[in-house]
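Residue numbers (the UniProt record's numbering), protein chains in the order written: chain W, 1 to 349; chain D, 1 to 337.
If you are wondering where the hints come from, they were derived from the structure by calculation, not from laboratory data.
Some hints could be false.
Listed below are several chain W residues computed to face chain D (Cβ distance under 10 Å; list not exhaustive) [what the hints assert, rightly or not]:
#1 G45
#2 A46
#3 G63
#4 A66
#5 E72
#6 R74
#7 Y124
#8 V125
#9 T129
#10 V131
#11 G189
#12 A193
#13 R315
#14 L317
#15 G321
#16 F337
Glycine is no exception: its CB is placed at the ideal position from the N, C-alpha and C atoms.
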Amino acid sequence: MTATAAPAAEERSAPPLTTGTARAAGLLAGVVLLVVAVLLSLAVGALPVSPAQVISAFTDYAGTDAHVAVRELRLPRTLIGIAVGAALGVAGTVIQGVTRNPLADPGILGIEAGAAFAVVTAIYVLGVTTVTGYAWFALLGAGVAAVAVYALGASGRAAASPVTLALAGAAVAALLTALTSALALLDSGTLDAFRFWVVGSLAGRDLGMLAGAEPFLLVGVLLALSSTRALNALALGEDVARSLGQRVALSRALAALAVICCAGGAVAVAGPIGFVGLVVPHAARALVGPDYRWIVPYSLLMGPILLLVADVLGRVLVSPGELQVGIVMAVIGAPVFIWLVRRGKLVQL
Amino acid sequence: MAPVGEHAAAVRAPRPGLRALLVGLAALLVLAGCGGGDGSGASAETETRTVQSERGPVQVPAAPQRIAVLSGSLAGDLFTLEAPVVAADPRVLGVQADASGFPPSWSARAQQQGTQRLASEGAGLSIEQVAAARPDLIIGGGQGFTAAQAANAYPQLQEIAPTVLLPAFTQWQDQLGRIAEVVGRTDRVPGLLQAYQDRAAQVRGALRLPPQPTVFLYQARDGKPYVITPTAALPAIARDLGFVPDDVITKADNPPLFGTGDSFETSPELLPRVADAPTAIVLPIGQIPLDQLRTNPVYARLPAFASGNAYELPSTSFRPDYQGAMSTLDTFGTLFR
Numbered sequence: 001m002t003a004t005a006a007p008a009a010e011e012r013s014a015p016p017l018t019t020g021t022a023r024a025a026g027l028l029a030g031v032v033l034l035v036v037a038v039l040l041s042l043a044v045g046a047l048p049v050s051p052a053q054v055i056s057a058f059t060d061y062a063g064t065d066a067h068v069a070v071r072e073l074r075l076p077r078t079l080i081g082i083a084v085g086a087a088l089g090v091a092g093t094v095i096q097g098v099t100r101n102p103l104a105d106p107g108i109l110g111i112e113a114g115a116a117f118a119v120v121t122a123i124y125v126l127g128v129t130t131v132t133g134y135a136w137f138a139l140l141g142a143g144v145a146a147v148a149v150y151a152l153g154a155s156g157r158a159a160a161s162p163v164t165l166a167l168a169g170a171a172v173a174a175l176l177t178a179l180t181s182a183l184a185l186l187d188s189g190t191l192d193a194f195r196f197w198v199v200g201s202l203a204g205r206d207l208g209m210l211a212g213a214e215p216f217l218l219v220g221v222l223l224a225l226s227s228t229r230a231l232n233a234l235a236l237g238e239d240v241a242r243s244l245g246q247r248v249a250l251s252r253a254l255a256a257l258a259v260i261c262c263a264g265g266a267v268a269v270a271g272p273i274g275f276v277g278l279v280v281p282h283a284a285r286a287l288v289g290p291d292y293r294w295i296v297p298y299s300l301l302m303g304p305i306l307l308l309v310a311d312v313l314g315r316v317l318v319s320p321g322e323l324q325v326g327i328v329m330a331v332i333g334a335p336v337f338i339w340l341v342r343r344g345k346l347v348q349l
Numbered sequence: 001m002a003p004v005g006e007h008a009a010a011v012r013a014p015r016p017g018l019r020a021l022l023v024g025l026a027a028l029l030v031l032a033g034c035g036g037g038d039g040s041g042a043s044a045e046t047e048t049r050t051v052q053s054e055r056g057p058v059q060v061p062a063a064p065q066r067i068a069v070l071s072g073s074l075a076g077d078l079f080t081l082e083a084p085v086v087a088a089d090p091r092v093l094g095v096q097a098d099a100s101g102f103p104p105s106w107s108a109r110a111q112q113q114g115t116q117r118l119a120s121e122g123a124g125l126s127i128e129q130v131a132a133a134r135p136d137l138i139i140g141g142g143q144g145f146t147a148a149q150a151a152n153a154y155p156q157l158q159e160i161a162p163t164v165l166l167p168a169f170t171q172w173q174d175q176l177g178r179i180a181e182v183v184g185r186t187d188r189v190p191g192l193l194q195a196y197q198d199r200a201a202q203v204r205g206a207l208r209l210p211p212q213p214t215v216f217l218y219q220a221r222d223g224k225p226y227v228i229t230p231t232a233a234l235p236a237i238a239r240d241l242g243f244v245p246d247d248v249i250t251k252a253d254n255p256p257l258f259g260t261g262d263s264f265e266t267s268p269e270l271l272p273r274v275a276d277a278p279t280a281i282v283l284p285i286g287q288i289p290l291d292q293l294r295t296n297p298v299y300a301r302l303p304a305f306a307s308g309n310a311y312e313l314p315s316t317s318f319r320p321d322y323q324g325a326m327s328t329l330d331t332f333g334t335l336f337r
């Protein structure tokens, strides 16, 4: 049934990659593009570094300015960009699938609002001042908010449906955002610290924090990859999914857990970065159609490509200063999204 | 139409009872004025001077008796000039208030004067609280957020008392001079400047100067390095002590300057070029202390850090008022003994 349903949806949107071979080739092209993005991220920055110096920074480290820039500054942010981009892309894809809402992003589960509230509380009440210190509170806040949203969404007569989830998410996010503003505005010192966290960035983040969040990101991505069949079934509607033998409530809960792990881990490492989770699933769907067995791996590649390119742009645009990737994503994410909508490639969910 | 006309007539001519009351009050005021001691105090209260504000010339009392200051960074100089401050905003960037709610550098003098602390909670400036303090002069402006608040509330503030908005000064001498002019205490400025010069000469005599030139740095909370320009307040104080501020502008290739032009952002990648001076002075403005910077591989490789010539000064030394400049001299004296 999933096999027959997928082509029917494809006719509406006519994605360019329809055969398995084409999709596999596209995936390979994605890997190549990701490698290019990684090389760009290592080679481009305020300090001019030649490709030969990039290579020698790894093969023959001599501690020159160029080597330090590549190894100590660009490598960590590249690794964080790969992990965070992949996590955000996958989280966006899965949440759009679970809620069958093309405008959904991880924020709909209250993840960013929860993380922000936890961070501002940590600054105001506990006086936490380091980025690494914020990370654990962000992760905790994201998790608690997402569980609260899910519990609230599932507390009605029916199990958590796309509509109740979206409503619960909007309500919880509105409450947490209001409380966050209240705390930040109460104390100018808190506002001063918080305004730097709230613009997501790959620079100045600790690789140790990435290591700390890595288990969450891995579990999230694995859960997402294993949920693709369930997401395909859910896309046909709850009744059809149930008749196909899907345990709808369990599938939804597992997929939501994938989103919490991915987006919670990402926001903990880099702070809130918008638009990746919204744009990437649409771009992936425009390429391969509505089959989540392909959308999720494509998102896994397209997320890091988008984020790394945006980060490189942020280094070039206002050189020798830098724009945080959160700002660049907001500026380029919106036009890209409008372009996707204009092309009519938004697949109905 | 008739009721409107009646109302207008009522506005034009007060009722007889009210008129009598007003005449009585005026007579009382005249009598009080005549009865006041030597009479010079009364004339000082009514005399005005014209001073320059960011919004053009303003008539202010020749000797203001109740000053409300809307910026913590301007308040310190008012206390230094021993001007009567009836209310003050306690916020100074990077400075934690003490138990009294005022910055430690002037909390004692504020309590001595009975200065009222203007509410700093929330984003707003309480116009009502300013009005309740019944000031005869309001001073706002200077560096930062509080200057923007005062500028926004300017129309209402003007209704309360003559309001002088000052520019964002980058040199403490300019700030002290302008504030003295506004409150009519310019006679005190030469003495204060002389005290600074004397203290500087004293510190300079006992100073063991590290290798020169010196670069002045701070790291923002988001990890971005900022370099302080050689003409800013802190390098100028250091120059008075024999330090040679490094020409970071040329080394950074004429970067766009930040805010009032006393610092600029640079990439951590370019820091080895811009901050290659043999001595570095860092400020913990972004809550990132020197010890933490030492563990950062980029900073650790800078010549000043590698040779043990990196020093930390308090954040208040960045944009000091008069007291801040004096205490910066003292800090230099203890750091470079």
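Hint check results:
The restraint placing W/G45 at the interface with chain D holds, with a minimum CB-CB distance near 5 Å, inside the 10 Å limit. A distance limit of 10 Å between C-beta atoms decides the matter here; for W/A46 the minimum to chain D is near 3 Å, and the interface restraint holds. The interface hint given for W/G63 is met, as the beta carbon of that residue sits about 7 Å from the closest beta carbon of chain D, less than 10 Å. Of the supplied interface hints, the one on W/A66 holds, with its beta-carbon coming within about 9 Å of a beta-carbon of chain D, less than 10 Å.
Contact between W/E72 and chain D, as hinted, is supported at the beta carbon level, the nearest pair being about 4 Å apart and thus within 10 Å. Because the smallest distance between the Cβ of W/R74 and any Cβ of chain D comes to about 8 Å, under 10 Å, the interface hint for this residue holds. Hint status for W/Y124 relative to chain D: violated, with the closest Cβ pair at about 12 Å, above 10 Å. Given the 10 Å rule on beta carbons, the hint for W/V125 is violated: about 16 Å separates it from the nearest Cβ of chain D.
For W/T129, the interface hint holds, since its Cβ comes within 10 Å of a Cβ in chain D; the closest pair sits about 5 Å apart. Interface hint at W/V131: satisfied, since its Cβ lies 7 Å from the closest Cβ of chain D, which is below the 10 Å cut-off. At a threshold of 10 Å, the smallest CB-CB gap from W/G189 to chain D is about 8 Å, leaving the interface hint in force. With its C-beta approaching chain D no nearer than about 6 Å, W/A193 sits inside the 10 Å limit, and its interface hint holds.
Look at W/R315: its Cβ gets to within about 8 Å of chain D, closer than 10 Å, so that hint holds up. The interface hint given for W/L317 is violated, since its Cβ lies 12 Å from the closest Cβ of chain D, which is over the 10 Å cut-off. With a least beta-carbon distance of about 4 Å to chain D, the hint placing W/G321 at the interface is held under the 10 Å criterion. For W/F337, the shortest C-beta to C-beta distance to chain D is roughly 26 Å, which exceeds 10 Å, and the interface hint is violated.
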